[in-house]
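There are 2 protein chains.
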Amino acid sequence: MTDLPKRVQINEEGPREGFQIEKTAIPTQRKIQLIDALSQTGLKQIQVVSYVNPQRVPGMADADEVVAGFTRQPGVRYTALWLNKTGFLRAVAAGKLDVSGTLSLTASERFLARNQGRTLAENIAAQHEMATLYKMNKVPVRRASVMSAFGCNYQGDVGVADVLDQVRQLLEIAQQHEFRIEVLSLADTMGWATPLAVKRLVGAVRERHPELAVALHLHDTRGMGIANAYAGLEMGVSIFDAAVAGLGGCPFAANKGAAGNVCTEDLVFMLHEMGIETGVDLDRLIEVAFLAEDIVGRPLPGSVKAGGALDVLRKRVKEARQ
Amino acid sequence: MTDLPKRVQINEEGPREGFQIEKTAIPTQRKIQLIDALSQTGLKQIQVVSYVNPQRVPGMADADEVVAGFTRQPGVRYTALWLNKTGFLRAVAAGKLDVSGTLSLTASERFLARNQGRTLAENIAAQHEMATLYKMNKVPVRRASVMSAFGCNYQGDVGVADVLDQVRQLLEIAQQHEFRIEVLSLADTMGWATPLAVKRLVGAVRERHPELAVALHLHDTRGMGIANAYAGLEMGVSIFDAAVAGLGGCPFAANKGAAGNVCTEDLVFMLHEMGIETGVDLDRLIEVAFLAEDIVGRPLPGSVKAGGALDVLRKRVKEARQ
Numbered sequence: 478m479t480d481l482p483k484r485v486q487i488n489e490e491g492p493r494e495g496f497q498i499e500k501t502a503i504p505t506q507r508k509i510q511l512i513d514a515l516s517q518t519g520l521k522q523i524q525v526v527s528y529v530n531p532q533r534v535p536g537m538a539d540a541d542e543v544v545a546g547f548t549r550q551p552g553v554r555y556t557a558l559w560l561n562k563t564g565f566l567r568a569v570a571a572g573k574l575d576v577s578g579t580l581s582l583t584a585s586e587r588f589l590a591r592n593q594g595r596t597l598a599e600n601i602a603a604q605h606e607m608a609t610l611y612k613m614n615k616v617p618v619r620r621a622s623v624m625s626a627f628g629c630n631y632q633g634d635v636g637v638a639d640v641l642d643q644v645r646q647l648l649e650i651a652q653q654h655e656f657r658i659e660v661l662s663l664a665d666t667m668g669w670a671t672p673l674a675v676k677r678l679v680g681a682v683r684e685r686h687p688e689l690a691v692a693l694h695l696h697d698t699r700g701m702g703i704a705n706a707y708a709g710l711e712m713g714v715s716i717f718d719a720a721v722a723g724l725g726g727c728p729f730a731a732n733k734g735a736a737g738n739v740c741t742e743d744l745v746f747m748l749h750e751m752g753i754e755t756g757v758d759l760d761r762l763i764e765v766a767f768l769a770e771d772i773v774g775r776p777l778p779g780s781v782k783a784g785g786a787l788d789v790l791r792k793r794v795k796e797a798r799q
Numbered sequence: 478m479t480d481l482p483k484r485v486q487i488n489e490e491g492p493r494e495g496f497q498i499e500k501t502a503i504p505t506q507r508k509i510q511l512i513d514a515l516s517q518t519g520l521k522q523i524q525v526v527s528y529v530n531p532q533r534v535p536g537m538a539d540a541d542e543v544v545a546g547f548t549r550q551p552g553v554r555y556t557a558l559w560l561n562k563t564g565f566l567r568a569v570a571a572g573k574l575d576v577s578g579t580l581s582l583t584a585s586e587r588f589l590a591r592n593q594g595r596t597l598a599e600n601i602a603a604q605h606e607m608a609t610l611y612k613m614n615k616v617p618v619r620r621a622s623v624m625s626a627f628g629c630n631y632q633g634d635v636g637v638a639d640v641l642d643q644v645r646q647l648l649e650i651a652q653q654h655e656f657r658i659e660v661l662s663l664a665d666t667m668g669w670a671t672p673l674a675v676k677r678l679v680g681a682v683r684e685r686h687p688e689l690a691v692a693l694h695l696h697d698t699r700g701m702g703i704a705n706a707y708a709g710l711e712m713g714v715s716i717f718d719a720a721v722a723g724l725g726g727c728p729f730a731a732n733k734g735a736a737g738n739v740c741t742e743d744l745v746f747m748l749h750e751m752g753i754e755t756g757v758d759l760d761r762l763i764e765v766a767f768l769a770e771d772i773v774g775r776p777l778p779g780s781v782k783a784g785g786a787l788d789v790l791r792k793r794v795k796e797a798r799q
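Note that the protein sequences, when read in sequence, are chains A and B. Just so you know, we're using our numbering here: the first sequence kicks off at 478 and counts up by one. Just so you know, we're using our numbering here: the second sequence kicks off at 478 and counts up by one.
Incorrect hints may have been included.
Any copy, or any two copies together, can satisfy a pair, since identical chains are not distinguished.
Straight-line Cα separation of at most 27 Å, BS3-like style, residue types lysine-lysine; simulated pairs [what the hints assert, rightly or not]:
1) K483 with K521
2) K573 with K795
3) K562 with K795
4) K676 with K483
5) K612 with K795
6) K676 with K562
The set of hints was computed from the structure by calculation and includes no laboratory data. What you are looking at is a predicted structure, and each value in this text was computed from that prediction instead of being measured.
Generate coordinates for the entire structure from the input sequences, incorporating the hints supplied.
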């Protein structure tokens, strides 16, 4: 009926996505507590901080302390986000992270202007600079990313042809620096995607570039996150970014509210119930979702932590029958 | 790529699903206000009350007053729920509702025992009694329903074969009373469904009974509601129950919380963005979602009311370019 993947890789982005948006200051120790708790769930990749300008993102001012403080677990990759040379060099200097480079473009000129103060041409030039820097530092580059690949609050709808053009440029940049891109991440940065749009775009990308694994970075701004992930699965996507408890969003901020990534435990729940492996212990992950809620001090949007996992109920039913 | 329906019918159940679960008493006038507001959105069917025992469901004690109070709009069907003869006769006596009968079974023996105090055999007998009653009152019966068709908190997983057996029995009951079932509703009463389970069950039902239109009643207990609706669409389902703002749930009640139906405005958003007509004015519906939140006095789970519709942004982008 459908050709779903047997196994899915989840890149947990809760610590980074979540803490950069929270308005009240979160103590460094509690950020570390969350990362260490996530490390015990079976998640294989955790993005712990972004090295960005603390003037612009005060919630990440303690990035160095957070990275210094968490305890590495074997088998887990710990990543960070940066947007420029300064950030990258901080990540390298930390000496504790799994540093790899991502080449990133955005299909939306206007978002680029607002988010990073760059034109499309300047952004391409910046990617060349970063690629040169990665080469010099012997940092691998296997991943390319297209931001706002489905639509943009400042630009409107983004067409499949525009995204394919960004992908072409990303691959050209990689080739010039002798990097081989293996994973292409499509980001629904502002929550414009629907399942049908996911199918169309992923289908077009896979048809043009069958050699690339497609990853999805889905924001749940309009409640489509899980449905979009399912549509991705049906198109063979097996790599997803997600944030525990849906960290990163502000569900009660009406139209002003950004929303977080698709919720990790809801995604894991769906995958496991459909027989798809993740390596994650769902019960432990739900406990971490409650911890995340306790840390930010407000209700977070994840549903499975409220509704409960089904294996608990199955066990109860079985016991009642004995 | 997929064979999605061109048009979807939505049965709004917010007033019934929502007000029967709220713990604090909602004034009758505000219930009427919500129904009248929903009547202005383009929704073609609204379930306004359930005629149930006020001892068991205090929130529905004023059902007669609510029905007396709302203003019928042309082109809108106003329905009610009942579980027995007393309830049905109250619905008929109201003289204002679109009364039609539904034959209903449940795949879960244990849920039946807890919810209605009946065995499977007693439930079949009860459906025969109701069918006789409908016949006597010249009430049409075109719809049959299987409750907890995907799983049950008291019974565990429900197999496709069990549901097909319930469907067979429903059709036999209908036939004996010379009713022709046109719509089969599959209810995920306790939020056990995943998109894959929806595809399997709807596929099996449609293969066995191609003459039946399938409707889905999806609870969003574990955040799968919209994804399950999408999976249903891909299987040709074009009738959905939904509740404005996700009314009926209690998202912050941890494991004790039931959750409401899939949220109407989130569903309408997805449908419109995928080019599927509903006849609903999304902007008006979002306003009603805020009204619902105001009426129950707590945040409700719908996402689009927080994230905002996209047509507003498209218009803004277009104006900025002129």
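Hints and how they fare:
1. Taking identical chains as interchangeable, the C-alpha atoms of K483 and K521 lie at most 27 Å apart only when both belong to the same chain, with a minimum of 16 Å there against 42 Å between chains.
2. Taking the shortest Cα distances, K573 and K795 never come within 27 Å of each other, neither inside one copy (46 Å) nor across copies (47 Å).
3. For the identical chains of this complex, K562 and K795 are neighbours neither inside a copy (57 Å) nor across copies (36 Å), given an alpha-carbon limit of 27 Å.
4. Proximity of K676 and K483 under a CA criterion of 27 Å is satisfied in both settings, with 19 Å inside one chain copy and 17 Å between copies.
5. In this assembly of identical chains, K612 and K795 lie within 27 Å of each other by CA distance neither inside one copy nor across copies; the values are 57 Å within and 42 Å between.
6. For the homomeric pair K676 and K562, neither the shortest alpha-carbon distance inside one copy (35 Å) nor that between copies (48 Å) is at most 27 Å.
The structure does not agree with the numbered hints 2, 3, 5 and 6 stated previously, though it agrees with the rest.
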